[in-house]
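Colleague: Here is how the chains run, residue by residue.
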Amino acid sequence: MKKVTIILVIFILILTACKPVDVNTLAPVYETGVDPESWALIPAGYFYSGQFNLQTKIDYDYEMMVTHVTNQQFAKYLNEALKDGYIKIEGNQIVGYYPGDEFHGGRHEEEIPAGNYIHIPIDDLMLRLIYDGQNFSAKPVWANHPMTMVSWFGAKAYCEYYDWRLPSELEWEKAARGSEDTRPFPWGETIERNNANLINSRDPFEDMKSLGSRTTPVGFYNGKTYDGYVTLNSPSPFGVFDMAGNVWEWTANVYEEQHYRYLRGGSKDVYENYLRIWVRNSSIPTYTSPGFGFRCVK
Amino acid sequence: MLAFKTRFNYLFTSTKGLILVAIALCALISAFFGSLSGPMADLGVKEVIVKTFGIDLVEAEREGRLIILYHTIAMAVIAIETYMITELVAMKENQRVQINSTITFGYLAAIIGGLPFAYWGTSWIMHGIYIAGLTLIFFAGCLLAYALWPWRKEYKVKNLAYSHSKSGYDLERVAFFSVSIVTLASALFGAIPGSFYGNGFFTFLAENVVREPIKTTLQKSIIGHLHIMLALIAIACALIICRYMDFKGILHKIAMPLFIVGSIVLSMGTWLVVPFEGIAHAIIYGGSTVAMLGALLLVIYSWDKLIKEGLAEKGKKKGNFFQGVAALVRDPLKFGVTWQMVFMNFTVSGVGIFVAVKLDEIFRYWPFMDEKLILTGHWHILATLTATILLLYYADFAGLKGKARQWFGWSVIIFSDLAFGAVTVYEMKRLFVDEAFQQPVVNITTLLGDIGLVVVLVALAALMVWRLIDLFKKNGRWSEEVHEKLESYVEEN
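Quick note, the sequences are listed as chains H and W, same order. Residues in the first sequence are numbered from 63 upward in steps of one, following the numbering used here. Residues in the second sequence are numbered from 62 upward in steps of one, following the numbering used here.
Keep in mind that the hints were calculated from the coordinates and are not lab data. Misleading hints may appear alongside valid ones.
What follows is a set of in silico ranges between Cβ atoms, one per label pair, in the way DEER data are often shown [to be verified]:
1. Thr118/H / Ala523/W: 33 to 43 Å
2. Phe114/H / Ala523/W: 39 to 49 Å
3. Val494/W / Asn335/H: 44 to 54 Å
4. Asn269/W / Asn262/H: 21 to 31 Å
5. Asn295/H / Met525/W: 41 to 51 Å
6. Leu116/H / Ile530/W: 48 to 58 Å
7. Leu532/W / Asp243/H: 47 to 57 Å
8. Ile151/H / Val111/W: 50 to 60 Å
9. Ala193/W / Leu116/H: 48 to 58 Å
No residue lacks a Cβ here, since even glycine has one placed at the ideal position from N, Cα and C.
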C-alpha cells in the first residue's frame, strides 16, 4: 500500500507539472511611465569592460534608447517601411535585403551572401503583432512590451530605417555599466528578484506551471508598485532601463571567421549569473526567439 | 583518548576508512555548495546559507569559484580511486602508505585551502594551501606511477587467465600504469598553460568559449584538460571495476590492450588539440572508441558471470531469458557498477557523438545558451555516473547486506538514471519543442531530475549516517575494517 501511495504521489506531481501551453493567455496591462521614445546620452570616455575590468575608451558621445524597442514601435515601423518598399512580405515572413558578409572560411563559419533575409515570421504564435492583410498593429496587451521574434537582420534594418544603428558590444556594455566602477549589474553589485525580469523572478507576467517566464513592459523595474508587486528602481548609471533581463539584445558586431551575432543582457529565461554585464549569448542572425529583442543607438 | 585514537587510525590509515572520509567529504561539499544553485536557490535556501555562513559571492569571481569547487570534489574522487588502486594492485606496503598519506594530505589541503579562498574572501594564504594540496596530489600520482611500474619480475602474472605479455608481465598493471602516467601529463596540461597564460586570474568555463572561432592556447588546453581528466577518471574507475569483478579470461586479454591503447591515444588526442585542433578530434574519437570497447568487454564478462552465479545459486546451469535477467539483477551493487557504464552510453557517449556529428547541421543553429546546456549536462552526467559506480562499489565493501543492500543499490541505480535521463531530455529539448511551448517539458524533466538527485543524495546520506553511528560503537564494523583489505572482496585471485 505504501509503495502504491508513493507511486501515486509521484504520478500526480508529474501530471500537475504537465499543463499545456496557451501562448495567447492574456497578461496584465501596466503603464510604467518610462517613455520608449526617450534616449540617454552616453558621454565619451573610459569605462571598465568585460569580466576582468579592462579599462576601455570610447572616444565619442552616443545616445542609446532608454528602453527596448516595443511591439508598438515596431508595428509602426513595419507599416512605414512596407509602404516605402524598404522591406517586403515573402510567404509568411517579412524579409529585407542584406549586402552579405565577407566570408573567411573559418571553422564552422557559414557564408552569409547578399540577399533577402528574414526579419520576422508573420505567422508565428509568439509574434505579439496583428497583421490584417494591410497593416500591422501591436496586440493591445503587449504594446509596451519589447519587440521579440525579430532576427538580427530585422533589428538592424529597424535601426537603420531611422538612421540609427544597433549598438556594438562595447557600446552596449558601457551604457549598461557606466563609467565609474566595475559593477556586475546595471544598478549595482547585487541582484534581487525584483531588480529585473529573470527566470523564477515571480513577476506578475510569469507562470512557471505552463507559460514559463514572459516579457515585462519596457521600463517595468523603475521602483513602482504594480498591483502589489514592488519593483526596485534599476536603471543603469546612464538611466537606461532593462539592460539586464527581460530579453537578450542583439548587438551590431560582425566578427571575422564567424557568422554568429552576439546578444547581451540576459533574459526572462535565464538565471541571475547570465544577467551580469559581460555575459554573451550568440546565435545565427536569422534566428527569431520570444527571448530576443533589441534597442538602437545614434 | 584511546577510543579517539583507534577511530582516527581507522579513518586515516586504513583503506576503507580513508575512502569513507573522502566520500563523506564529497557528500558534505556537494550538499552544502549545491544549496547555492538550482532549485535550492529558487526556494530561497541560498540566501539563508549565504547569510548564515557569511559567504562572499563576488559576481566576477563566479567562474573561479566553480572551478575551485569542481577541483576540490575531483581531488577527493581521485583520492578515492587512488586508495582503491593501492589496495587492488600489488605494491610494497611502504609504497602504499606513502601514496595514501601524500594524497590524503593533498586533497584535504586542496579542500581546506580552496573552498575558503573561493567562497570566503580572497585570502592568498588559503590559495597557497590549495595549490600546495594540488601539488601534493600530483606528487602522490608520481609515487603511484612508480609503484605501479609493471616491468618487475615479482609482478608477473601467476594465473595465466589474466591478460599478460609473452614474457608474463601483467597487462592490467600496465593499464593502471599507463592511465596514471597520462593522467599526470594531462594534469600538467591544465596547470602549466593556466599558470603561464592566465596566471590564475583569467578564469573561464570551457563551455563558454566553444563558439570562439579562433581559440587561444589557454582556451584549447583548458578544454583539452577537462575532457581528458574526466575521461581518465572514468577509465581508472573501469579498471577498478575490472579488479572488483575479477575480470579475466579471453575477454580480459583483449580488453586490457584496448584500455592501454585507448587511454594513451585519447590523451594524446587531447594534448594535440593545441597545435593540431583539426586532426586531434579524429584521434580523440579513435582513442575513446578503443577504450569504450574495453569497457564493453568488461560489461559482457561481468554480466555473463553474474548470470552464471545467479543461476548456480538456484541450482541451475542454464535458464531461460527471464531467469537469466533475474540472475543478472539479483544484486544491485554488482549489477549496478557495470549497468551505469552501459547507461553512460545513452546519456553521455551517445549524446556526445550525436552532437559532434550534427553540430553544424543542428546544434549551431540553436542559440549558444541552448548548446551550452548540452555541454554542461554532458560532463556533469559523466562525472556523477562515475561517482555512482564508485559509490556502489563502496557500498559493497562497506558491508551493506540484505534489504538495505537492495534498497540502497536500486535507489542509486533507478533514481540516478531517472535524473540523468531527465536531464538528457531537458538539454536536448530544442530538438522537439519550441521555446514558447517548452515549459511543461522543462517542468517534468526538472521535477524528475530533482526527484532522482534527491533520492540518490538521501541514499548516500543514509549510508553515511549508518557509518557515522557505527563509529560510535565500540566493536562496530569499523573495528573489523581497520584490518580488512579490498582484495577480500575479489572472489577469485
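Colleague: Confirm or reject each hint.
Modeller: Results for each hint:
1. Thr118/H / Ala523/W: 33 to 43 Å: Hint violated: Cβ distance 54 Å, outside 33 to 43 Å.
2. Phe114/H / Ala523/W: 39 to 49 Å: With a Cβ separation near 44 Å, Phe114/H and Ala523/W satisfy 39 to 49 Å, so the hint holds.
3. Val494/W / Asn335/H: 44 to 54 Å: For Val494/W and Asn335/H the Cβ distance comes to about 24 Å; the hint is violated.
4. Asn269/W / Asn262/H: 21 to 31 Å: Holds: the Cβ-Cβ distance is about 22 Å, inside 21 to 31 Å.
5. Asn295/H / Met525/W: 41 to 51 Å: For Met525/W against Asn295/H, whose Cβ atoms are near 47 Å apart, the range 41 to 51 Å holds.
6. Leu116/H / Ile530/W: 48 to 58 Å: 55 Å, holds
7. Leu532/W / Asp243/H: 47 to 57 Å: 51 Å, holds
8. Ile151/H / Val111/W: 50 to 60 Å: Given about 52 Å between the Cβ atoms, the range holds.
9. Ala193/W / Leu116/H: 48 to 58 Å: Given about 31 Å between the Cβ atoms, the range is violated.
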